[in-house]
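Protein chains: 2
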Amino acid sequence: MLTVKEAQSIINSYSFFLGTEEVDIDHAFNRILAEDIYTDRDYPPFNRSAMDGFAIKSADINDKQINEFEVIEDLFAGDIAAKEMQSGQCIRIMTGAPVPSSANAVIRVEDTVNQPGTMHTKLNTIKPWQNISLKGEDINKSEMLVRKNQVINPAILGALAVAGKYKIKVHKLPAVAIVSTGNEIISIKNPVKPYQIRDSNSHTLKGFFKQYDIGNIETLLLADKKEELKSGIGKLLDKDILILSGGVSKGDADFIPEVLAFLGVKEIFHRVQIKPGNPFWFGITSAGKAVFALPGNPFSVQVAFKVFIEPYLRKCFALEPMASLYFPLLGLKNKKTKFDEYFPCRLISENNSTGLLPIDFNGSGDITASIHSDGIGLHLSDEETINEQSSIPFLLWN
Amino acid sequence: MLTVKEAQSIINSYSFFLGTEEVDIDHAFNRILAEDIYTDRDYPPFNRSAMDGFAIKSADINDKQINEFEVIEDLFAGDIAAKEMQSGQCIRIMTGAPVPSSANAVIRVEDTVNQPGTMHTKLNTIKPWQNISLKGEDINKSEMLVRKNQVINPAILGALAVAGKYKIKVHKLPAVAIVSTGNEIISIKNPVKPYQIRDSNSHTLKGFFKQYDIGNIETLLLADKKEELKSGIGKLLDKDILILSGGVSKGDADFIPEVLAFLGVKEIFHRVQIKPGNPFWFGITSAGKAVFALPGNPFSVQVAFKVFIEPYLRKCFALEPMASLYFPLLGLKNKKTKFDEYFPCRLISENNSTGLLPIDFNGSGDITASIHSDGIGLHLSDEETINEQSSIPFLLWN
Chain A
1 MLTVKEAQSI INSYSFFLGT EEVDIDHAFN RILAEDIYTD RDYPPFNRSA MDGFAIKSAD
61 INDKQINEFE VIEDLFAGDI AAKEMQSGQC IRIMTGAPVP SSANAVIRVE DTVNQPGTMH
121 TKLNTIKPWQ NISLKGEDIN KSEMLVRKNQ VINPAILGAL AVAGKYKIKV HKLPAVAIVS
181 TGNEIISIKN PVKPYQIRDS NSHTLKGFFK QYDIGNIETL LLADKKEELK SGIGKLLDKD
241 ILILSGGVSK GDADFIPEVL AFLGVKEIFH RVQIKPGNPF WFGITSAGKA VFALPGNPFS
301 VQVAFKVFIE PYLRKCFALE PMASLYFPLL GLKNKKTKFD EYFPCRLISE NNSTGLLPID
361 FNGSGDITAS IHSDGIGLHL SDEETINEQS SIPFLLWN
Chain B
1 MLTVKEAQSI INSYSFFLGT EEVDIDHAFN RILAEDIYTD RDYPPFNRSA MDGFAIKSAD
61 INDKQINEFE VIEDLFAGDI AAKEMQSGQC IRIMTGAPVP SSANAVIRVE DTVNQPGTMH
121 TKLNTIKPWQ NISLKGEDIN KSEMLVRKNQ VINPAILGAL AVAGKYKIKV HKLPAVAIVS
181 TGNEIISIKN PVKPYQIRDS NSHTLKGFFK QYDIGNIETL LLADKKEELK SGIGKLLDKD
241 ILILSGGVSK GDADFIPEVL AFLGVKEIFH RVQIKPGNPF WFGITSAGKA VFALPGNPFS
301 VQVAFKVFIE PYLRKCFALE PMASLYFPLL GLKNKKTKFD EYFPCRLISE NNSTGLLPID
361 FNGSGDITAS IHSDGIGLHL SDEETINEQS SIPFLLWN
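Read top to bottom, the protein sequences are chains A and B. Reading the first sequence from the start, the letters are residues 1 to 398 in the working numbering. Reading the second sequence from the start, the letters are residues 1 to 398 in the working numbering.
By construction, these hints were calculated from the structure, which means they are not laboratory data. Some clues are possibly wrong.
All copies of an identical chain are treated as equivalent in the list; a pair is satisfied when it fits inside any one copy or across any two copies.
Here are the simulated DSS-like cross-link-like pairs (lysine-lysine), alpha carbons at most 25 Å apart as the crow flies [to be verified]:
#	residue 1	residue 2
1	K167	K148
2	K193	K127
3	K336	K127
4	K315	K167
5	K141	K226
6	K235	K148
7	K338	K266
8	K289	K235
9	K172	K127
10	K169	K122
Nothing here was measured: the structure is a model prediction, and the numbers come from that model.
Based on the sequences and whatever the hints tell you, model everything.
Written as structure tokens, this is what we have:
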């Protein structure tokens, strides 16, 4: 049976480039940038006053010991100095305004006394370029500002705007379909009979995909009947990502692998050393598209998304894998299996530190534990016991 | 001058209930739940087989030492047992199927040998209720399943589905407007002159609001001209949240407070002991709506959102404040001010621990540092030095 790492690596080897499209900056949030963004000018684009004050020549103070200046002009942000400043003269300047080329320092208004047309200062020395943000000190023209293959977050949106990019090349979104299978599964819009279970997995999975702005997802409920499965699933094999939940356990179960084989989906593997999340079936259509068949238990579906499907999706987008964060476990945990075990945890911050509190849960069918958790901790296969305060890897739900 | 905590507390005291609306479950992701959700049935809703195997009476094995059973029926998920099982009989059962009331244990298929109509087992004992998920063991009927005033994440979407809720009461979204002011500020769609700066702050802020599904935001660029400001801002005072950036520093700056006063917006405070993010002006319209006036520097705007505006927004939604996470600082940091200082950091996970790497930056006008960071670390006002590996509070950008 494959380890989690082996399974991830095999799945990711089937990732493919989704192509690109152009979107307006107002629709770029949370999309994946597909072009490197270069600056078209220095930033700051000019020597910018960092303070409200007076632009002067530093030598007037440092060498000529001048401390009374004639104010020849007022300069606001967005203005250009009209006059050339001579020794003994100064220009009143506001934060953000371009420092005139004849000046090389700004005295803060707090360090001056002002009368109409005149500025006195008590300063004996001032550093050249004091209180000036120098042209290009942040980034130069034609440098790379934003590297491609990142999620466009608020700061990156701002950087795109700085570069004047309002049409943005982003990765296309994959076409996704989600099929919940099982004779007992019904739509949440229908009345439920005592032996029926409402379909919750498709809603959970749609939420996970929405985190990547993938909203247009086809969903289908199918009974465990071979002909119905063949016809229903058969129509969805053109999707980039097809997810099935339910119907892969041993009993009823050979149905899904058998139906997928009939439809020309090649089985890549069927089991992984993971708990929960098994049986986890992965295959590839004749066109090279991914088919994930998950168990029907809600918590298993959530773990399978975070551990296998999300890394695959990120790989298609050329994103870095979601990094685990390490936190100390607020408790002790034993396990019996030799599998990687994921368990729900809540982040607790107190006394200047953050730790992971494991949430009690009844196993993979539990619907309440994950609601009360911030993500999943990982009990690694080769560790029998996690000791109190041991640092373990943690994946945030979002 | 107010401390950050004092300022936050004052701002939050002006929060108000936005009202509620009903959305379909397909539009509920990332919205804020506004009703407590109760279960309408036990979960599991019936004694559910946790394994593929055979439902039996445990006393047949434990007391009567029977190890050969007649198979009287096959039971799939979604089926109801048609027959009453007698001693010495068993029912073949699949994972997820309801255990018949005449049985009280399931033997795993792996522990049996089967021939048509007959099942043999090598087991000498079996615990009553072995391999059965008991009705209600996760949660009982009429218990609270999801507490209101939480962000609806994938697991909560699944729980809403379990409860059969497809119309969800959520908090209404606030009406938001963002005004960028400054003679030098131009739209990113216009050609830029050497002394002009493209408006990036409105794009950054719109990104932050999108994290809460708030997408319909009015934006406006206004020059530093009193009449233009009065007329432009005057039309936006009916918004729930109005954000201005630029024009609050001392020089050009009394414009914004003066214009807001003219428009009947009451100043609550003007400065906070924070770096960057000052001057930070907060006021309230005659109708009690919030007006935030921020400095124009990009990094200041980002910090002001995370530290003041997001907590206010969350309070309006009745959400818990965004919790800081604590991580060790991978470096040493000194500061000169007595203010709370926020600085960009990247999360680095290696050698089984996660730490914060401070990102070099040129101060509040820097557009590149935050792109390379995962969030902001906090250097608390009363600490002159943060020592290497000291644990500090950290806020993720998202």
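Hint check:
Taking the shortest alpha-carbon separations for K167 and K148, only the intra-copy value of 14 Å comes in at or below 25 Å, while the best inter-copy value is 39 Å. In the homo-oligomer, the alpha carbons of K193 and K127 never lie at most 25 Å apart, since the shortest distance is 81 Å inside one protomer and 30 Å across protomers. Taking the shortest Cα distances, K336 and K127 sit within 25 Å of each other only across copies (19 Å), while inside one copy they are farther apart (68 Å). In this assembly of identical chains, K315 and K167 lie within 25 Å of each other by CA distance solely inside one copy; the values are 24 Å within and 35 Å between copies.
Within a single copy, K141 and K226 get their C-alpha atoms no closer than 62 Å, and across copies no closer than 34 Å, so neither meets the 25 Å cut-off. Taking identical chains as interchangeable, the C-alpha atoms of K235 and K148 are never at most 25 Å apart, the minima being 34 Å within one chain and 39 Å between chains. Proximity of K338 to K266 under the C-alpha cut-off of 25 Å is found in neither arrangement, the shortest distances being 28 Å within a copy and 64 Å between copies. In this assembly of identical chains, the alpha carbons of K289 and K235 lie at most 25 Å apart only when taken from the same copy (14 Å versus 52 Å across copies).
Proximity of K172 and K127 under a CA criterion of 25 Å is satisfied in neither setting, with 52 Å inside one chain copy and 54 Å between copies. Taking identical chains as interchangeable, the C-alpha atoms of K169 and K122 are never at most 25 Å apart, the minima being 54 Å within one chain and 64 Å between chains.
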